[in-house]
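Using the sequences and the hints, build the whole thing.
Counted the way mature numbering (1 follows the signal peptide of the UniProt record, and there is no 0) counts, the sequence shown spans residues -28 to -1, 1 to 81.
Bear in mind the hints are in silico, worked out from the structure with no lab data behind them. It is possible that some hints are incorrect.
Restricting the straight-line Cα-Cα distance to at most 20 Å, the calculated cross-link-like pairs of lysine to any residue (SDA-like) are [claimed, not checked]:
#1 Lys15 to Gly28
#2 Lys7 to Asp62
#3 Lys15 to Pro78
#4 Lys15 to Ala32
#5 Lys15 to Ser58
#6 Lys15 to Asp62
#7 Lys80 to Ile27
#8 Lys7 to Pro38
#9 Lys15 to Arg46
#10 Lys80 to Ala32
Across the chosen pairs, the derived CB separations fall in these ranges [said to hold, decoys possible]:
#11 Ser8 to Ser58: 14 to 24 Å
#12 Gln47 to Glu81: 26 to 36 Å
#13 Ala77 to Ile27: 14 to 24 Å
#14 Ala57 to Glu81: 37 to 47 Å
C-beta atoms are modelled at their ideal positions from N, C-alpha and C, and glycine is treated no differently.
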Amino acid sequence: MSVIRSKARSLAVVVLALPALVAFSVSASGDGQWKSGENVYQKVCGHCHDTNGDIGPVLAGRGLPPAYITTIVRQGFRAMPAFPASFIDDDALQLVGEYIQQLPAPVKE
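Following this line, the structure appears as structure tokens:
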């Protein structure tokens, strides 16, 4: 795959995913707080990091530490955009990091 095609695909992923992610951040729950790490994952992360790995890499079963998740979310990496604290606060980010760390590996069919 050419570099241009790869960069275009990455940009398309970000452009298509960002509006959905912003909508979900605004409606975390009725009071503006995330309910749990699972809630954050299902409403935000899972759209790209589901077990199909269609957009972003599968996170389940990798035992990624919450500090790693925080770094990638805050700084971005490759096609993964950076998300500021105004999008997802530190407490919610810690919750989702802990949730991702304990996710079991997906079952292969």
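Hint by hint, here is what the structure shows:
The suggested pairing of Lys15 with Gly28 holds, with an alpha-carbon distance near 15 Å, which does not exceed 20 Å. Among the hinted pairs, Lys7 with Asp62 is consistent with the structure: their alpha-carbon atoms are about 14 Å apart, no more than 20 Å. With a C-alpha separation of about 19 Å, the suggested pair Lys15 and Pro78 falls inside the 20 Å cut-off, and the hint holds. A hinted pair counts as satisfied when its Cα atoms are at most 20 Å apart, and Lys15 with Ala32 qualifies at roughly 16 Å.
Under the criterion of a C-alpha separation no larger than 20 Å, the hint pairing Lys15 with Ser58 is consistent with the structure, at around 16 Å. Our distance criterion of 20 Å between C-alpha atoms is met by Lys15 and Asp62, whose separation comes to about 17 Å. Distance hint between Lys80 and Ile27 is fulfilled; the C-alpha atoms sit about 18 Å from each other, no more than 20 Å. Proximity of Lys7 to Pro38 is assessed by CA-CA distance (about 17 Å); at most 20 Å being required, the pair is judged to hold.
This hinted pair checks out: Lys15 and Arg46 have alpha carbons roughly 18 Å apart, not beyond 20 Å. At roughly 12 Å between alpha-carbon atoms, Lys80 and Ala32 fall within 20 Å of each other, so this suggested pair holds. Ser8 and Ser58 have their C-beta atoms about 21 Å apart, which keeps the hinted 14 to 24 Å range intact. Between Gln47 and Glu81 the beta carbons are some 34 Å apart, a value that agrees with the proposed interval 26 to 36 Å.
Evaluation of the 14 to 24 Å hint for Ala77 and Ile27 yields a pass: the beta carbon distance comes to about 19 Å. Distance hint for Ala57 and Glu81: a CB-CB separation of about 39 Å, consistent with the stated range 37 to 47 Å.
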